[in-house]
Structures are given as structure tokens and as C-alpha cells.
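Q: Turn these sequences into a full structure, and let the hints steer you where they fit.
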Amino acid sequence: MSFAKLTKASLAAVLAVCASAACAANTSSGLVASTYFAGYHANRGFAVSQMPWEKYTDAKYAFAETSEDGSLNLTKSAPDQLPVFVSEAKKNNVKALVSIGGWTGSRWFSTAFGSAENRTAFVKTCLDLVEKYNLDGLDFDWEYPNRQGLGCNAINKDDTANFLSFLQELRQKQSKQLYLTAATSLFPWYDATGVSSVNGTLSGFAKELDYLMIMAYDIYGAWAATGGPNAPLAYTCDSRNNQGGAKEGVEKWINAGIPANKLVLAVGAYGHGFSVNTTSALSGSNTLNAYPAQNSSNRFQGSSWDD
Numbered sequence: 001m002s003f004a005k006l007t008k009a010s011l012a013a014v015l016a017v018c019a020s021a022a023c024a025a026n027t028s029s030g031l032v033a034s035t036y037f038a039g040y041h042a043n044r045g046f047a048v049s050q051m052p053w054e055k056y057t058d059a060k061y062a063f064a065e066t067s068e069d070g071s072l073n074l075t076k077s078a079p080d081q082l083p084v085f086v087s088e089a090k091k092n093n094v095k096a097l098v099s100i101g102g103w104t105g106s107r108w109f110s111t112a113f114g115s116a117e118n119r120t121a122f123v124k125t126c127l128d129l130v131e132k133y134n135l136d137g138l139d140f141d142w143e144y145p146n147r148q149g150l151g152c153n154a155i156n157k158d159d160t161a162n163f164l165s166f167l168q169e170l171r172q173k174q175s176k177q178l179y180l181t182a183a184t185s186l187f188p189w190y191d192a193t194g195v196s197s198v199n200g201t202l203s204g205f206a207k208e209l210d211y212l213m214i215m216a217y218d219i220y221g222a223w224a225a226t227g228g229p230n231a232p233l234a235y236t237c238d239s240r241n242n243q244g245g246a247k248e249g250v251e252k253w254i255n256a257g258i259p260a261n262k263l264v265l266a267v268g269a270y271g272h273g274f275s276v277n278t279t280s281a282l283s284g285s286n287t288l289n290a291y292p293a294q295n296s297s298n299r300f301q302g303s304s305w306d307d
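Counting along the sequence shown from 1, when you hit position 51 you're at 51 in the working numbering, and nothing is skipped either side.
Hints may contain errors.
What the hints assert, rightly or not - Dumping the calculated BS3-like pairs for lysine-lysine here, alpha-carbon to alpha-carbon at most 25 angstroms:
hint : residue 1 : residue 2
1    : Lys132    : Lys157
2    : Lys207    : Lys247
3    : Lys207    : Lys76
4    : Lys252    : Lys157
5    : Lys176    : Lys91
6    : Lys207    : Lys176
7    : Lys157    : Lys90
8    : Lys132    : Lys91
9    : Lys176    : Lys90
10   : Lys91     : Lys157
11   : Lys207    : Lys252
12   : Lys91     : Lys55
13   : Lys132    : Lys76
14   : Lys124    : Lys55
15   : Lys207    : Lys173
16   : Lys176    : Lys124
17   : Lys90     : Lys124
18   : Lys90     : Lys132
19   : Lys173    : Lys124
20   : Lys207    : Lys157
21   : Lys90     : Lys76
22   : Lys55     : Lys90
Stated by the list, open to error - Computed Cβ-Cβ distance ranges for the label pairs, DEER-style:
hint : residue 1 : residue 2 : range
23   : Lys207    : Asn295    : 45 to 51 angstroms
24   : Thr278    : Ala116    : 39 to 45 angstroms
25   : Lys132    : Gly45     : 25 to 31 angstroms
26   : Asn289    : Asn43     : 38 to 44 angstroms
27   : Arg44     : Leu150    : 21 to 27 angstroms
28   : Gln177    : Val84     : 41 to 47 angstroms
29   : Ser203    : Asn286    : 50 to 56 angstroms
30   : Pro83     : Lys173    : 23 to 29 angstroms
31   : Leu282    : Lys132    : 52 to 58 angstroms
I should point out that these hints are in silico values taken from the structure, not numbers from a laboratory. Keep in mind it's a predicted model, so treat the numbers as computed, not measured. Just so you know, even glycine gets a beta-carbon here, dropped at the ideal spot from N, CA and C.
A: Structure follows, in C-alpha cells:
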């Protein structure tokens, strides 16, 4: 689902809005307003100082990418800007997190979590990152447990269970109470049989994470068979490319064991372009087709922020 690596979430463009009135954040209002700062775009005309900090309860610096040897790599994301980001966030009473993973940075999550020895080593790596940059917490954007994302990710049928074991150990070894979050696919993480988890089987994550943020965007894009809304509220009636919507995503995560007050809905403040011919664009003589067939091989060049 997340084809864009969250790259378009830069400039505070992804706004996380609570799935219910009672959210997981310890803020005075009880609401969560979160954003990603794209470190990989930090030197392209939008400085940390330009962040509208007053709008947010937490902010995530994206991304620290996983590596085959179990280390974390920030080299693509202007690591020199991370201390400035943390300092500015704290000045504005905003929780400062680093997001680990992302579309291209999730290749080695499965390996890092795949054995007790590797999990222990990765816990230390994460805690060292927290200490080095004086972070308030960490965000885990694994795309995706037991499911291919980028195309070359390591995956394992026990990914989801191993992820929970890692989080439990991270909580046990934290020297201070960390603010831990996870960015999730629209529908719940796969179980060991390769299908979305159901019937409360993910309830353990609610105990370890402050919230899970459902990526209810990039539902349709240039890669899809038809045009369609970037972040639909609910299922469409279009049988050709029924990708799902935010409403169904929230319902499925609740069924999987995550209470509503631990869910945050993420919606992108950007859109996608589609290559559609005149015949496909119209339904009838003068009515626009809401889900027109599109040429997925012809992708529009976006703004300077487009990847």
C-alpha cells in the first residue's frame, strides 16, 4: 500500500488524526497530532526551523534505515540535522522521535527481529540511538511484517510475533519511559499463515506501543489499475480495484486487538496524478468516471518533493 516511502509526508504533510476522542498520547487534550519530517529532504528548501511546531504533539524524523548487520543507517537523512530537530521539538514541548524503517529502510527488520540474539542486539542499537540524540521515543515503520514491500525485503512467517517480542524486550530494558509508536498498513499485520491478523491476536502490541498509526493513504496511485482517491474514507463500489478505506482499516485493527484509543489515522496532504485517455475519463457522454482505467506506465513528474 505505501508505495511512496512516506516521502510525501515531508513538510509535516502527513497529519495523524485520532481514531477516537480518547487517544494514546499523554497530552493535555488527550489528542494526537503527529507528523514526519523527511530528513532526506532536509537540505531542499525546508529547514527544521520552519516546522509549525505548535500544531503537533509529536514529530518523527524519517528515516533511520535497517541494515543487514543490525545497525541503523541515517546517512540518507541528513543526520547533522537530527540534533537541531530534537532541540527545536523539545523547545516547543513536542515529543521528538526517530522513525526506523520506511519504504526503502525496512529490508532487514525481519533479520533484526528474527532470533533472540538479534533482538537483544537490536534493542541495544535502538537504545543507543535514543541516548545519542536525547530522543523521547521511537517510531517503527516496518513495510511489512511477513509481507513483501520494496521487493527485496527479508521476510519470515514469524515476523509479527518476533516484532512483539522485540518491543517487549525494548520496554524491559529502557532506562526511561519511551514514547513508542508504529506506522501500520491499512489492514492488520499478517500472521504466520500469511493473512491479516484477526480476533484479538495483536492485543499484545497495545500493551507495548503508545499508539499505532494506520497509513490510510497511497490507496490509489500511479501503480494502480485505475485512478481513485489517495485516502478514501470507506470501500468504494468499484469492483475493478477495491483497495479498501480508512473506515474498514480502523474496524479491522480494532478486531485484531488494538483498542480505538490506541489508533491514530494518518492521511496524506498530497494527491496523485493519473494518465487517463478521453474514453476512460468519461462514463457516458459527459459524466466523469470516478475510477477510470489509467496507464500506470506513464507517471507524472511532480514537484521538487516528488520521488
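Q: Measure nothing beyond the straight line between the CA atoms of Lys90 and Lys76; if it is 25 angstroms or shorter, mark the hint as holding.
A: Satisfied, since the Cα-Cα distance of roughly 24 angstroms is no more than 25 angstroms.
Q: Going straight from one Cα to the other, do Lys90 and Lys132 come out at no more than 25 angstroms?
A: holds (15 angstroms)
Q: Verify the CB-CB distance for Asn289 and Asn43 against the hinted window 38 to 44 angstroms.
A: holds (41 angstroms)
Q: Holds or violated: Lys124 and Lys55, Cα atoms, limit 25 angstroms.
A: Violated. Lys124 to Lys55 sits at ~32 angstroms, over the 25 angstroms cutoff.
Q: Taken at face value, is the distance from the CA of Lys157 to the CA of Lys252 at most 25 angstroms?
A: holds (20 angstroms)
Q: Taking the CB of Ser203 and the CB of Asn286, does the distance hold inside 50 to 56 angstroms?
A: Hint holds: Cβ distance 51 angstroms, inside 50 to 56 angstroms.
Q: Sort out whether Lys157 lies within 25 angstroms of Lys132, counting only the CA atoms.
A: Violated. Lys132 to Lys157 sits at ~33 angstroms, over the 25 angstroms cutoff.
Q: Quickly compare the C-alpha distance for Lys176 and Lys90 to 25 angstroms and report which way the hint goes.
A: holds (16 angstroms)
Q: Using the Cβ atoms, figure out if Lys132 sits within 25 to 31 angstroms of Gly45.
A: holds (27 angstroms)
Q: Quick one, are Lys176 and Lys91 close enough, alpha carbons at most 25 angstroms?
A: holds (20 angstroms)
Q: Tell me if the straight-line CA distance from Lys91 to Lys157 falls inside 25 angstroms.
A: violated (43 angstroms)
Q: Are Lys207 and Lys173 close enough, with their CA atoms no more than 25 angstroms apart?
A: holds (15 angstroms)
In terms of the numbered hints stated before, the structure departs from hints 1, 3, 7, 10, 14, 24 and 28, listed from lowest to highest.
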